[in-house]
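Trainee: Read off the chains here:
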Amino acid sequence: MKIGVLALQGDFAEHISMLKKIGVDTAEVRLPKHLDGLDGLIMPGGESTTIGKLAVAYDLMKPLQEFGKSKAMWGTCAGAIFLSKDIGRDQPLLGLMNIKVQRNAFGRQVDSFETDLEIEELKKATDTTHPYHAVFIRAPIIESVSGKAKILSQLEDGRIVAAQEGHLLATSFHPELTDDTRFHEYFISLAS
Amino acid sequence: MEAKTGTWTEKKGLAQMLKGGVIMDVVNAEQAKIAEDAGACAVMALERVPADIRADGGVARMSDPDMILRIIDAVTIPVMAKCRIGHFVEAQILESIGVDYIDESEVLTPADEEHHILKHNFKVPFVCGCRNIGEALRRIGEGAAMIRTKGEAGTGDVVEAVRHARSVIGAIKQIQNMDDEELMTFAKNNGAPYELIKEVKTLGRMPVVNFAAGGVATPADAALMMQLGVDGVFVGSGIFKSGDPAKRAAAIVKSVTHYQDASILAEVSKNLGEAMVGRNAAHMPEAEKLAVRGW
Chain A
79 MKIGVLALQG DFAEHISMLK KIGVDTAEVR LPKHLDGLDG LIMPGGESTT IGKLAVAYDL
139 MKPLQEFGKS KAMWGTCAGA IFLSKDIGRD QPLLGLMNIK VQRNAFGRQV DSFETDLEIE
199 ELKKATDTTH PYHAVFIRAP IIESVSGKAK ILSQLEDGRI VAAQEGHLLA TSFHPELTDD
259 TRFHEYFISL AS
Chain B
979 MEAKTGTWTE KKGLAQMLKG GVIMDVVNAE QAKIAEDAGA CAVMALERVP ADIRADGGVA
1039 RMSDPDMILR IIDAVTIPVM AKCRIGHFVE AQILESIGVD YIDESEVLTP ADEEHHILKH
1099 NFKVPFVCGC RNIGEALRRI GEGAAMIRTK GEAGTGDVVE AVRHARSVIG AIKQIQNMDD
1159 EELMTFAKNN GAPYELIKEV KTLGRMPVVN FAAGGVATPA DAALMMQLGV DGVFVGSGIF
1219 KSGDPAKRAA AIVKSVTHYQ DASILAEVSK NLGEAMVGRN AAHMPEAEKL AVRGW
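Going down the list, the sequences are from chains A and B. The numbering of the first sequence is the numbering used here, which starts it at 79 and goes up by one. The numbering of the second sequence is the numbering used here, which starts it at 979 and goes up by one.
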């Protein structure tokens, strides 16, 4: 099992250290050739406009779209924006997941927050019962899911913050900034 | 559980999102758009870039909030702004208008020559400059959630940025190799909080993200700083004081992503036009150096 992390910009090193913690081989992906031999790919937090522009500049858009057709992909925050079909504004998107996303949905940095989430699917998959502590940073929300995409987690007010469509996963928050490896374990189960 | 805002995780977390990126100085909404289109991961809103502050002389203060707000409206990426060292009221004003990060900066004229702002008192995160590990850890002790090595702003000469980055990164290696008994003496000699020295030893790095700043003018300069081991770069005067800002900005963004790939660095370095007119920083009189501000 070898999982790549898109290393164009953002907190890719944090994802790599989480994967190492659970004993998974990793690779940094900056160019199309770096996708060879990978079983899955994580797209980290960062600035989605920066990541999109660099993906276009180094011809990564088509190879990433091909990769995502058959292999597991997970986007956290900026990565989730990049995976989505629609964000209501013009910037490069992979369009792999049937989710509509709104950027910076909670306001500015002073409004960024941490909170506990009850994610039944995650608890079941990892055989645990405690809540998931989620870190949101200038976070997007998933406005709606369509097609085969399903909701994994919502805030108390109903806003969607995690979704899954088969082997594709999107979270508005940052599991890589916590010590809780359950989301990374869950992703590995999708890549297996 | 109640949602919690302004936590330490939130503050240093935003800096982690900026890693591997370029933060660009901009003086108006048009420049901010150019920076965003070139792939900047954040912009620093200020009235004059450091090269002009140097040339103009006089007292340099926080920028007009209206000008910062116009930049906030123009882009979707995070917007930072500078306050004077020790000027906590300027910081309160910047926090209230919604800037995403405050730079307590030596580029502006210090308001307090003995004390920095107690940054733990704020919900908004702060970045501060440093020349060495002691200065970095003092700032983190006061609540800075991100550090940048100072370099010498407004010169286009990377020599001081290299000096400061090597000093910080060299000290981290030194601390990692120390016996626990040696840490208190190191803390004393460097004027650094003991608990943070211990944390550096455990982590093998600084407890917060560390960018380079002050003199980066070319893609090769940016990649040099990345190879020395910083997490990203600030480019101040280097972009909008050059011949073709949009092209140079995009090239520096690419050079920070592909900092280890010399063939890509060669490609992005081609035909960038005039770099900013540099000023030799190594032989500058001490009194003209901005990096010596801060204590």
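Derived from the structure by calculation, the hints contain no laboratory data. There may be inaccurate statements among the hints.
[Stated by the list, open to error] From the structure, some residues in chain B lie toward chain A, with a derived Cβ separation under 7 Å:
| no. | residue |
| --- | --- |
| 1 | Leu992 |
| 2 | Lys997 |
| 3 | Asp1051 |
| 4 | Ala1052 |
| 5 | Ile1055 |
| 6 | Val1102 |
[Stated by the list, open to error] Just so you have them, the derived chain A footprint on chain B, three or more residues with Cβ under 8 Å:
| no. | region |
| --- | --- |
| 7 | 982-991 |
| 8 | 1119-1129 |
| 9 | 1140-1147 |
| 10 | 1175-1181 |
The beta-carbon is built from N, C-alpha and C at its ideal position, and this holds for glycine as well.
Trainee: Does each hint hold? Answer for all of them.
Mentor: Hints, one by one, checked against the model:
no.: 1; hint: Leu992; verdict: holds, 5 Å
no.: 2; hint: Lys997; verdict: holds, 6 Å
no.: 3; hint: Asp1051; verdict: violated, 12 Å
no.: 4; hint: Ala1052; verdict: violated, 13 Å
no.: 5; hint: Ile1055; verdict: holds, 5 Å
no.: 6; hint: Val1102; verdict: holds, 5 Å
no.: 7; hint: 982-991; verdict: holds (count 7)
no.: 8; hint: 1119-1129; verdict: violated (count 0)
no.: 9; hint: 1140-1147; verdict: violated (count 0)
no.: 10; hint: 1175-1181; verdict: violated (count 0)
When the structure is compared with the earlier hints, violations turn up for hints 3, 4, 8, 9 and 10 and for no others.
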